[in-house]
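Novice: Sequence:
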Amino acid sequence: MLTITRKLEFDAGHRIPDHKSQCRNLHGHRYTLEITLVGNVIDAEGNSDNGMIMDFSDVKALAKEHLVDVWDHSFLVYEKDAAVKDFLASLPNHKTVVIDRIPTVENLAKVAFDILKAAYKDRYGTGLHLHKLVLHETPNCWAEITDD
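Under the UniProt record's numbering, the sequence shown has 121 at position 121, and the numbering climbs by one with no breaks.
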């Protein structure tokens, strides 16, 4: 199996409302996202993408459009975290992303995977698809999800 991987970074805030340690407080991270795609290599003489699974600039553009630009410099808040949701709503023009689960790195990786899986699905008729997503919350802590 031949894969390609593109890495992108973004900044976002969150909190884990019921956590036993400091993660229950509002805080942020410099997240690193690794997107691994699999598919057949394009074999089309004269095509800009000839010899590639997907051009890395296109991998980046789709990730930015569907996820990175949406989450970058936002606060990722759990829909049932009423105190923080209400506070953020009181801030004019605040960039808030409400998600349906607690924003742990595991849950964020799953949400990100689902969003990007649809964005990359077989764009060229070559079987292209998202194979793996790695989301680093810190340089030492991350979650990985693969397509089964």
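If you're looking for bench data, these hints aren't it; they were derived computationally from the structure.
Backbone N, C-alpha and C define an ideal beta-carbon position, used for all residues, glycine too.
Some hints here could point you the wrong way.
As the list claims (entries may be wrong) - With beta-carbon atoms standing in for the labels, derived distance ranges:
(1) ARG24 to ALA89: 14 to 24 Å
(2) ALA89 to SER57: 46 to 56 Å
(3) THR146 to ASP86: 15 to 25 Å
(4) ASP58 to PHE87: 18 to 28 Å
(5) THR146 to TYR124: 19 to 29 Å
(6) GLY28 to THR146: 18 to 28 Å
(7) GLN22 to SER48: 43 to 53 Å
(8) ASP122 to PHE87: 15 to 25 Å
(9) ALA89 to GLU45: 53 to 63 Å
(10) CYS23 to ASP69: 17 to 27 Å
(11) ASP86 to CYS23: 12 to 22 Å
Stated by the list, open to error - Straight-line alpha carbon distances no greater than 27 Å define the calculated DSSO-like cross-link-like pairs of lysine-lysine that follow:
(12) LYS85 to LYS110
(13) LYS60 to LYS110
(14) LYS80 to LYS95
(15) LYS7 to LYS85
Novice: Check the structure against each numbered hint from earlier and tell me which ones fail, lowest number first.
Specialist: When the structure is compared with the hints, numbers 2, 3, 4, 8 and 15 turn out to be violated.
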